[in-house]
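Since the structure of chain A is already known, use the hints to place chain B on it.
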Amino acid sequence: MYARYTWRTLTREATLILLALLFLVPLVGLLNVSLKSQDSQTSALAFDFPPTLDNYAQAWNQASLGAALANSFAITGISVVLIIAFSAMAAYPLARVTRGWSRYTFSFVIGGLLIPGQLALLPLYATMRDLGLLGSLWSVILINVGQQMPFSVFLYTMFLRELPLDYEEAALLDGCGPLRSFVTVVFPLLRPVTGTVVILNTVGIWNEFFTPLLYLGGSDNTTAPVAIYGFVSQYVSQWPLIFAGLVISVIPILVVYFALQKHIIKGFAGGLKG
Amino acid sequence: MALPHATTTPPVAREAAVAGRTRRKVGVRAPWWFVVPAIAVYLFIVVVPSVNGALFSFTDWNGLRPGWSLVGLDNYAAVFADRTARDALVNTLLLAAAATVVQNVVGLLLALGVNSMVKSRYLLRVIFFAPVVLTPLVAGYVWSFLLSPNGAVNDALRAVGLGTLAHDWLGDPDTALYAIVAEIVWQFAGYSMVIYLAGLQAIPSEVLEAATIDGAGAWSKFRRVVLPLLNGAVVINVMLCLIGGLKQFDQVMAMTGGGPGTATETISTTIYKSAFSLGDFPFSIALAVVMTVVIAVLAGIQFRLTQRKSS
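Protein sequences, first through last, are from chains A and B.
Numbering follows my numbering, with no gaps: position 241 of the first sequence is 241.
Numbering follows my numbering, with no gaps: position 86 of the second sequence is 86.
These are calculated hints, taken from the structure and not from any lab test.
Fair warning: this is a prediction, and the values are worked out from it, not measured in the lab.
Heads up, the beta-carbon is just placed ideally off N, CA and C, and yes, glycines get one too.
Be careful, since some hints might not be right.
What the hints assert, rightly or not - Derived contacts from chain A toward chain B, CB cut-off under 10 Å, selection only:
hint, residue
1, R4
2, I17
3, L24
4, L121
5, P123
6, Q147
7, V186
8, Y257
As the list claims (entries may be wrong) - What follows is a set of in silico ranges between Cβ atoms, one per label pair, in the way DEER data are often shown:
hint, chain 1, residue 1, chain 2, residue 2, range
9, B, R86, A, G77, 40 to 46 Å
10, B, Y122, A, D130, 49 to 55 Å
11, B, F303, A, G218, 36 to 42 Å
12, B, R121, A, D130, 52 to 58 Å
13, A, D54, B, F303, 50 to 56 Å
14, B, R223, A, R161, 30 to 36 Å
15, B, R224, A, I251, 45 to 51 Å
16, A, T11, B, W32, 57 to 63 Å
17, A, R161, B, A210, 28 to 34 Å
18, A, L114, B, P173, 29 to 35 Å
19, A, T42, B, I203, 46 to 52 Å
20, B, K119, A, V236, 42 to 48 Å
21, B, A296, A, P188, 37 to 43 Å
22, B, L278, A, G77, 34 to 40 Å
Just chain A, same shape as in the assembly (with noise of 0.2 Å):
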């Protein structure tokens, strides 16, 4: 909109610098109060020195963050993939099948996007009862893979839309079966929505908490949210120790925003434009 960069361009840059260092107060606060001493009784921005380690391996012992991490990479990375699989080779047929049922089937998964979750929480949980799955990681990966289900689809099937049909048919003439021409030809071509689905459905996976703290809380295996959630309450403003598990905990989604960024902001944008 501005060719040159003229006061106005500078006003602008320096509010919004001024908003981005307020922006940044609750993650300084986090960490800085996480590297406090516990009976330091200083404000959450000024800085003490020295600096101190002790809440972070007070933590991660009390609130058995190492497994706990464990099943959140275990949950997320198991419902990522099947999520992926699952969803891209739905949308395969719903893209290219232009006859009835396949128009019929993609609005029945779609409409699922308006369901909310709580509808369906107490049959869920029965049935998850009956069949002996509380407190197993798999209850949470199955309603994982469910939930983002119509979302996934929706994505692949959009961009199956506009691919152009003429590798399938390079790969058909070639003599591939269907299944061969999927995994060889078409999956491949989707990279980039596969890259997207991959980042919002880590993002949301990794940060659930309703779902977990359902069907894992009080088992042996919680995953990272639920064991802070327990922790938490059981360390009532005990804030230094409380940070550094809070850190902790979020490290590893932390990491991958920072190292990934550029993907996970177009990523984010890209997949809900549609």
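The following block gives chain B in isolation, referenced to the frame of chain A:
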């Protein structure tokens, strides 16, 4: 579709028809059973339990005993007679409305800012978006600390001479809900920003140049050119904020647990507590149906409004 009179079809039309036939042939090569795994999980996790939830809301099914009998609208009567549930409904609507409005205004302003020529725009985008990936539960805890009586927010107010405004934000029933809204806006404004940014970048620069040549000022350019072209981004953002706000659970559990009193109780926290703390499945399930209806109605209204606007 068969190809009648193939011999009399003009060459161009025949070519199109052949292309159409190949297309359909390839389409057939995408076998129907590819959808089976996705549909199976979707049915098992979403469709069947949702339908059951809706049906069970008219029964006294309590989840523990196998049997149940029909009770008609009794559960709904109980929900609307219950003070906590009514408060939760009002709180949820207020929270969703406030968060939607503020988050979209802030998100749009941020997007306009980081879409301009400022030199630090790429770094600014990364910073404004960072809270989006932070675990909502964790963000809630950090904010409850900052908003506590001796927290950073009150310290800052005292430092600039506004000490009279300082108070226990989350402990005061009048401010607790809006303190949570502030946290939500901080966390997700970057989300709205990114969607608006994508919308802004899709606007061809020729259109803006033409408006400038026609003598439009910055404001009228925004009002008459930019905003109408952002309609799609507005629709998506409002829908996402609204549905997210209506389902709000994590931040409330971290910041207030629903209190003080019922001042920040939302539909989701009430559903969770009535089912899993009080064991009142029929009440909880009826409230979940009410929530679904609220979401469907609001989504429908928004859809109607934006359809009319764009046509």
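Discussion item. Under the constraints set out in the numbered hints, which ones does this structure not fulfil?
Written reply: none
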